[in-house]
Structures are given as structure tokens and as C-alpha cells.
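A.B. asks: Residue numbers (the numbering used here), protein chains in the order written: chain E, 11 to 174; chain C, 11 to 174; chain R, 11 to 174; chain U, 11 to 174; chain G, 11 to 174; chain D, 11 to 174.
It is possible that some hints are incorrect.
[As the list claims (entries may be wrong)] Straight-line distance between alpha carbons at most 30 Å, and here's what the computed DSS-like set of lysine-lysine pairs gives:
(1) U:Lys89 x R:Lys52
(2) E:Lys91 x C:Lys143
(3) E:Lys91 x E:Lys51
(4) C:Lys143 x E:Lys89
(5) E:Lys51 x C:Lys52
(6) R:Lys143 x R:Lys167
(7) G:Lys12 x G:Lys51
(8) R:Lys12 x C:Lys71
(9) E:Lys52 x E:Lys67
(10) D:Lys92 x U:Lys52
(11) D:Lys12 x U:Lys51
If you're looking for bench data, these hints aren't it; they were derived computationally from the structure.
So you can see what is in the structure, the chains are spelled out below.
6 protein chains.
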Amino acid sequence: MKRIAVYPGTFDPVTNGHVDLVERSLRLFDEVIVAIAANPKKEPLFALQERIDMFRKAIGKRGNVMIEGFDCLLVDYMKEKKAVGLIRGLRAVSDFEYEMQMALMNRRLDEDIETVFLMPSEEYSFITSTIVKEAASYGGDVSSLVPRIVVQKLRKKFGSRQHC
Amino acid sequence: MKRIAVYPGTFDPVTNGHVDLVERSLRLFDEVIVAIAANPKKEPLFALQERIDMFRKAIGKRGNVMIEGFDCLLVDYMKEKKAVGLIRGLRAVSDFEYEMQMALMNRRLDEDIETVFLMPSEEYSFITSTIVKEAASYGGDVSSLVPRIVVQKLRKKFGSRQHC
Amino acid sequence: MKRIAVYPGTFDPVTNGHVDLVERSLRLFDEVIVAIAANPKKEPLFALQERIDMFRKAIGKRGNVMIEGFDCLLVDYMKEKKAVGLIRGLRAVSDFEYEMQMALMNRRLDEDIETVFLMPSEEYSFITSTIVKEAASYGGDVSSLVPRIVVQKLRKKFGSRQHC
Amino acid sequence: MKRIAVYPGTFDPVTNGHVDLVERSLRLFDEVIVAIAANPKKEPLFALQERIDMFRKAIGKRGNVMIEGFDCLLVDYMKEKKAVGLIRGLRAVSDFEYEMQMALMNRRLDEDIETVFLMPSEEYSFITSTIVKEAASYGGDVSSLVPRIVVQKLRKKFGSRQHC
Amino acid sequence: MKRIAVYPGTFDPVTNGHVDLVERSLRLFDEVIVAIAANPKKEPLFALQERIDMFRKAIGKRGNVMIEGFDCLLVDYMKEKKAVGLIRGLRAVSDFEYEMQMALMNRRLDEDIETVFLMPSEEYSFITSTIVKEAASYGGDVSSLVPRIVVQKLRKKFGSRQHC
Amino acid sequence: MKRIAVYPGTFDPVTNGHVDLVERSLRLFDEVIVAIAANPKKEPLFALQERIDMFRKAIGKRGNVMIEGFDCLLVDYMKEKKAVGLIRGLRAVSDFEYEMQMALMNRRLDEDIETVFLMPSEEYSFITSTIVKEAASYGGDVSSLVPRIVVQKLRKKFGSRQHC
């Protein structure tokens, strides 16, 4: 039986930490589906399709990784995909509390779903999409934190470095 | 001397965890006043009157529980009610930090007020109004997490389950 | 009906933070019983009787505070005393996690018991018996942190300040 | 390819939370090896062989679960077993910090090993072997927290309930 | 060589805790530059110039403290000022996580910058600009928490105490 | 005026994280004194003199770093050395709580002392002396985590790798 995992998120935009987590998930599962939440309420910087495209470029062509958008209840989505594992990255304590709440909620909504917490490489331990956008908005160099395609897209959005 | 406690919150909407906390408070105090903050800045999903009505239906008619709205400084409200205890639920660490700040602030504003932290039943330990609304907005079944009246109200707001 | 609370601990030795918590508990309960755990496994610095005596001297004669030792299951002790509230002080996050575990365990052992978390005055927020003993062991001046009787007892134990 | 996970611990003694975690792991892996650390430095209450026996009785005969002792570097043990996943339960924040340190250390010692954090059922969220032993040492009823065999063993160790 | 530190923030408005931190920084550095972020996205209550003026009045005329606004990448600003230390106050755990992320991010953007965490006096440990504004918006007395000039400015913004 | 900092600890043994912190401190202070606590109660693995020698070898000869043992109240030691800053590394949340308690205690004992928290490089963020000793006791390769001299000393203590 093929074991499938879903790795959900807003990925606005994808970071090296997210890519690292996909690689780690592939050691444990036969297939990983990156499920990008439409999340219009959060007013993402990048449109859903852009976020999908960036993640695809970052990962490259792979037989066992699928990247797509979704806009429904996560547990329904997973059932449809016949996924058994819900992948989440763990970085920090505040993360952890919220993640635990979400995991217990999802278990209540569907008890067949098992949330699997993985730890990104420590060099990516502090990277969040938010902090990347904040640095990039002032022209900070984030090329060691996000895939090349994201560096380009951020530069287009925010322009070049602002002088103090 | 009758000991009165105030249990303040936005309660947007009331959950089973909130109801559980009222029950627990009644073991310790002679009367509990649920004080629902108007909180227009937070843009609540439900209007103040709706939130009051839902909490009242959830609790039922009881001689020692009062439910009302308020829109002033909490410590002033408590003084007017001659309350000695300020009830707060403790769930998680991030909670705890914020709660401690609020409790110290309230003590500074009126040192006669004692914040009393109680722990909800562990089966409600992960429920927040926010997480309930998020699940319900996609049609998730939250009937084990909130009173029946809230299930109905949420369904009206968000409609039926969305397909993936 | 008289509401009784039990405030359990090792109190090795009592600090100003503990005394502060007794005062706060008296606003909420008709009677507070300070229950000092024998705790021989922890190898306390002071014998049980000494710990009882120090707490009594620190509190002084009061009609609504009782101080005694105990060496049995806390929930059994509370049932015998007809206590409804179990008082615990909350200082820090690590505290909080352990306290929450204990509270859920005690609830499982006897669901009639309600743990009530109170916050000590912020000027005592960092004081623990352990940190006091550590400072005192090198002759540090802890007279602003513990009752006078404790200062004397600690000085007897550890002698005068050591030179560097 | 068969995916094997190792679930290491002292298990002194096994609790319902540990058993729950084995069940959850079996959803994700083809085989789970419970690896019980000899850990003589920690002075466990039960001998290694007793801890192995109790876990075996608790789990029952199963083709995809193996239970054995080990007394070497965990990453060496896992390599020998050809395991890809290292299972750890996540309960609370203090846990989390320590677990993250251990996981990063193990990754440094062998980068092929992936630590997988799973969440026990919330009804076991507060149970630790330590808290169980503490309650049992005073005769507290822990039969809803540990397997039947452990209840019996603890009773033998600690005798019947002590009066206050 | 003169050692310069930058203490960045939104300071909307300055509190006694911020002033306390400037004093502490002056023990360690030869000059402290308070760098007030324009931060238009956060929609501050006070305009940048007002925030600068309030901080200046709060600190008074001092040769080794400079207060100014900035609207660029913090690490660029610091390089221009030839600053070696980036001062941040540490209050609570949630703080700590975010602060650590920011500090690691800034180190990545410029590895010559060292973030220095200092602890405000415990009497200010719970004060944040946010909590002060919330209390003041209902007319709460915050005169023990913020400089006199801020009390006046808040009163102008929010008017007198609202009745319950 | 020369600014002196003290970096106290048990350093049993020194790790790369400790060395990193000394380097960072030297950017901020004119002189750093590494003060190694005798700490006989903790039963260190290495004798005080060994710990001093290992730290000296790890740092090498430097005019602005001094390494010595101490066995008295830290604040007294610092006063004698005319030190203004007390350096502490911050790694994780549990750390943070304890560190904050110690810092407030030291401030109470001598209000002229300012505790300065620095963050080690993220690649050392999980290393503690304890975790290093645990890995080394089973023959784990810790050569990327501690100075070369410590690798040698640990090997002498614990012998070669144990087979599973």
C-alpha cells in the first residue's frame, strides 16, 4: 500500500525551510502532496497560482511530489487524496502551541488523520515567510533563505534596496 | 458575604470550554457574571446581542449565573459588581503569557482584584472560538465542541460543507 | 457553607512569595490550609517540623489559616479536610507545564477537586525556595525575599558570607 | 521497501500514552521497534527485563511490533535495525525543547535519521511515568492511566493506600 | 573606540519599560541610538514625529542618547551608524521566540551585528505599548506605566474615563 | 574606562557554543572573564582544574580573555573584578525562564550588575554540556560540537564506541 502525506500551508512564498521539509517527508512517505491553501482572508502577497508555480519551480519535476491549491476543509481534502499523514514543521514554541491545537482539532474532525511533526534543518530554523517578506520589503538580501525563483519574484514586488 | 466572580471574554461564539469553565467557577464562587466585551475593534463574527443570547441558551436559566455585555474598563465593571475574582481559563503557553500580562495590568489598575486561573477539561483544551470558526467556515462538524445553538448559528453564517 | 482551600508544597523554606499567596487566597476562600509535604525523597534542607514552624511564624496567629504537615495522597488529604480548592502559584512557563500536568492528574484522581492558579506579586515573581537556598549558601543577603525567621535559620545553616 | 521506526524510551513503566503512540506509529510505518533504554544512571524503579515484559504484555502479540532493550548509542542501534524514523511523543512545552535538542543532536550524529513527533491522544496528554509513580507511591488509583499489568506491578512495589 | 548601540522599536508610545532599557544600555555602551521605525503598515496610534517627541521628552537632554526615526533595513541603518550592538528587551516567552527569530535573521543579513537582550525592571515586566493603549482607551490610569508626556497625549486621544 | 564582562558557568566541559559566546562578548566588552564555578554539589564529570585547562586550550592565548575558577557568590566575584556585564547564552525556552529568574535574583543581590543575554550561532543552538556527555558516554562522535582537547578528554573518560 502506498503511503501518502499532505503538507499543507499558505507558502506565501515558499522558503528553503519548506523545501527541506518536503525532502525529509519523502524519506518517510511514498508520495507527498504540497497543498497550498487559497487563504484569501489572510490577504497573501502572492496569488494562489503564483505560490503554486514558485513551489513547483523550487522542487523541480519529481514523480513523488505533487503541488496543488485547495480551498476546503483540510481533512476532507486528505480523505479525497487517501492521505494518512499530515506533515507540519516545528520550529519554535509559539508554533508548537498553535500546531498542537490544530492537530487536535483535525483529529477531532477526522480521527484517521495523523499529524506528523518534522524538524527543519537548524540553518532554516528561524525562517518564516513573514520574516522573509519583511526583510525583502526593505531590499534585504534573502537569497540564502528562499529558492532563486522567489528571490526574483520578491525583487519584482519590492524593488531595489532602500537607502536609510 | 456573597463572593462574586466575573468571567470576561469576547465569546465569539461561546464554546463547550467556556461553559465548562462557568461550571467550575460555580464550585468556588457564589455567583458568576459572564461579562461579554463589546470589542468592536476585533470585528466579531457575531453581534454583541447574539453572543449574549447564545451564551444564555448554552447555560440555561440559573440563579447564580448572570450574562451581560460590557463596554468599559474591566476593573471598573468589576468594582461596580462588587466582584472579587476575575476568572480566566488557561489552555496553552502562549495563552499563559498574555494572561499573565493582563492579570498584572489589572492588578496595577485595581489591586483589590484577584485573577483566578482555572483549567478547562482536557477534552476542551484545544478549543478556541477562532479555531471553531475556521473549521465551521469550511463546513467542518463542530457539534462536539460548541453548544447546539452555536452549531445552528454557525451553519446559518457559513452554509453547508464545501466540496474540495 | 464555608469554602476551604488547601495550599500544598514543600516550602523548604517558606518565601515571601508563599506568604503573599496565602494572603491572596484568603480573599477568595473562608479558610486556607497550608499543607506541607513531608517529601523525604527530595531530601529537604529543613526538617518537616522546622518548615511548619517557619511558616507559622511567618504568617502569625490567624483564625482562618492552618498550617500542618501531610504524608499521603493530596486528594485524600483534601477530601478529609472537605476542601474544594487546591491553590497553586504560577510564576513561569516551566512551572506552568508541570502545574498543568499535576492539576490534570489530581482531577483524574478526584474530579471534585478544582485547582486554582493565582499569581504572586510581581516583586516575588522570580523567587523560588531553591534559588533562595543557593544564594544563601554563599552568604547572599536574602532578607528582602524571605520572612525574618527564615533569614535567621538560613544563616545558622550556612554561616556567614564567603570571600571570593 | 519496508519502513521501520524505532520508538525509544526508558518506559519505567509503560503508560497508556506510550501504547497509544505505538498504535499511531503503526499507521505510518510497516514495523515499530520499541527500544527500551537500560539507563542504569537514572536508577529506574523497574529492572530492564521487567520493563520489557510489561510493555510486551501491554501490547500483546503482534507481527509488526518488536520490543527489546538496548544499551548503546541510539543512532547505532537504529542503523543496525535499518530504521528510518525515530518516534517521539510530544506533550508539553518543556518536553518540546528537550526533544528538539535531542533530535538535532541525533541528526548531527547520523543525518539519515529523521525524528518524527507524534501527539498522544489528549486524554493521555498529562501522563508521564514519573507522575504515575508518584501517585502510585501513595496508593493513588492509576488504573485509567496504565495497562493492567502495570497496575499490578505498582501495587506490589508500593503496597496499599496510605491513610492521611 | 566608542561603542554604539541601536535600540529599535515602534514605541507607539514609549513606556517606562523602554526608558528603563535605555538607562540599562548606557551602562554597557558609550552611546545609545533609539531608532523609531516608521512602520506605516502597523497603523500606529501616534505619528512618527509624535513618537520621537514623546521619547525625547521622556529621556530628557543627554549627550549619549540620540532619538530618531528610520524607514529602511535595520542592519543598513546600523552599519551607517557604526553600531555594534542591537538592544532588545526580553519580557516573556512569546517575545523571546519572535526576538530570537529576528536576531537570527539580522545576523544572516549582517553577521557583524550582535543582538543584546536586556531585561527590564520586573515592575515593568508586563507593560507593552499595546496593553497601555488598551487600558487608556477606556480611561484606565496608566500614569505609573508611561512617562508624564504620554499620559497627557493618551488622554487627548481617548478622552476621560467611560462609565460602565 | 575599560568595560569588563564575566561569563560564568560550570563548563563541564566547554563546548563550541561556549567558545562562540566568548567571541561574541569580545565585540561588546574590552575584557571577558570566564568564571568557572567549582560547583561540587553538581558532581561535575571533570575537576575544576581540568575544566579551566580545557577552556584555556580551547580559547588559546589572548590578552583580553581570562579564565579562572570561583567558589563564592557571583555578584561578589563580579564586584571584585569591577565587571559591569554578566554574560549568559540563550538557547531555548526552558533556559530562558531559569535565566530570567537568575538574572532577577542577581539584580536583587546587586543592582549594579546587568545581565546581558547573547545568542550562540544557530549551529550550536542545541548543544549543552549534558547532551555532549551523554552522546560521548556511548562513544558518539562529538568532534563537531566541542574543541579538540575536549574530544580527547572525553575519549579517555569513556573509552571507545560500544557495540549494540
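A.B. asks: Could you check the structure against the hints above and give me the numbers of any it violates, in ascending order?
C.D. replies: Hint check: 1, 7, 10 and 11 fail, others pass.
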